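A.B. asks: Residue-level listing of the chains:
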Amino acid sequence: MTSKARPNGAAAAAVLSAAIGVFLIGLLTTLAELLPGLKGGLTFWAPAGPLSGKTAVPVGIWLVAWVGLHRALAASDVNLARYTRWAWVLIVLGLVLTFPPVFEAFAR
Amino acid sequence: MQLSARELWTVLHGLVFGSLFLLAFAGGLAGLYSLRPEWVTVEGLRERVRRLLAGTWLMALVAWVTVISGTYIVYPWYRATPPTPETAGVDLSAYPRALLLSRPETALWHRFGMEWKEHIGWFAPILATTVAYLVAYYREGLAASGSLRRTVLGLFVVAFGAAAVAGVFGAFINKVAPIR
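Chains as they are written, first to last, in this note's numbering: chain R, 1 to 108; chain U, 1 to 180.
If you are wondering where the hints come from, they were derived from the structure by calculation, not from laboratory data. Some hints could be false.
To be verified - Straight-line distance between alpha carbons at most 25 Å, and here's what the computed SDA-like set of lysine to any residue pairs gives: (1) R:Lys39 <-> U:Lys175; (2) R:Lys39 <-> U:Glu86; (3) R:Lys39 <-> U:Pro85; (4) R:Lys39 <-> U:Ala30; (5) U:Lys175 <-> R:Phe99; (6) R:Lys39 <-> U:Ser102; (7) R:Lys39 <-> U:Ile68.
As the structure is a computational prediction, the values presented were derived from the model and not from experiment.
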């Protein structure tokens with residue numbers, strides 16, 4: 001069980017970056033309702049409409065954040081509970097912000 | 001026994017990939033839950049991790065294929081705009097979104113179901129990839145860390161929940177306003 005000794009920093013990086021990614025999906029979904037102009041900016045491919053940008057941007061940022069956090073944390077042991085707590089906060093916020101009654105409340 | 005290309009893609013997106021995802025989830029959930037050193041031998045742990053690796057990566061791969069095919073192949077057919085803004089008396093069967101929105105009794109399928117599905121569905125591949133990566137990175141070490149294993153399990157369940165919401169609404173919406 002050689003991997004048992006691996007520092008938990010890589011886990012913190014992976015979990016937090018995933019949470020950032022899903023939170024951004026929720027955030028952009030809500031912002032696109034709040035700022036109609038943003039919908040046009042998020043339309044990366046017209047047939048799919050703003051959904052193309054609302055998902056491509058968070059996926060891109062998730063991957064960049066993952067690489068960055070991994071480089072910063074992978075070699076060390078961190079307070080994993082603290083990272084996962086923040087990750088769950090972001091995931092729940094992401095879930096709330098993608099719930100139609102919530103983001104439609106911001107629609108203009 | 002004929003299917004149009006659109007119907008075939010819809011079946012692939014929702015039924016085939018969805019079933020694979022469900023299958024991989026069931027195996028992965030059992031594997032992750034039981035990944036405890038007090039329950040299995042060292043050899044058993046290694047064998048379980050191998051199966052878990054296959055299951056979680058399959059789940060992640062299927063999740064990506066599902067959301068990408070959904071967003072970039074099926075969804076454009078769903079949201080196609082009718083040639084005229086006036087839809088009264090027009091055959092909207094080729095325009096599922098417009099068809100749903102044309103009647104108050106079906107509009108909520110789009111306003112709630114589709115709007116939720118198209119966004120939350122993307123949670124699944126991100127979270128499933130993270131789970132697969134953590135299984136690959138820590139392997140048997142996951143069994144030794146209860147908190148990490150519980151976190152992975154939690155992400156796994158949320159990934160499945162997101163896919164389930166997307167899958168269930170997809171099935172119902174395709175029943176009410178099929179893509180043909």
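A.B. asks: If a hint holds in the structure, say so; if it does not, say that too.
C.D. replies: Against the structure, the hints:
{"no.": "1", "hint": "R:Lys39 <-> U:Lys175", "result": "29 Å, violated"}
{"no.": "2", "hint": "R:Lys39 <-> U:Glu86", "result": "24 Å, holds"}
{"no.": "3", "hint": "R:Lys39 <-> U:Pro85", "result": "20 Å, holds"}
{"no.": "4", "hint": "R:Lys39 <-> U:Ala30", "result": "41 Å, violated"}
{"no.": "5", "hint": "U:Lys175 <-> R:Phe99", "result": "22 Å, holds"}
{"no.": "6", "hint": "R:Lys39 <-> U:Ser102", "result": "23 Å, holds"}
{"no.": "7", "hint": "R:Lys39 <-> U:Ile68", "result": "20 Å, holds"}
The structure does not agree with the numbered hints 1 and 4 stated previously, though it agrees with the rest.
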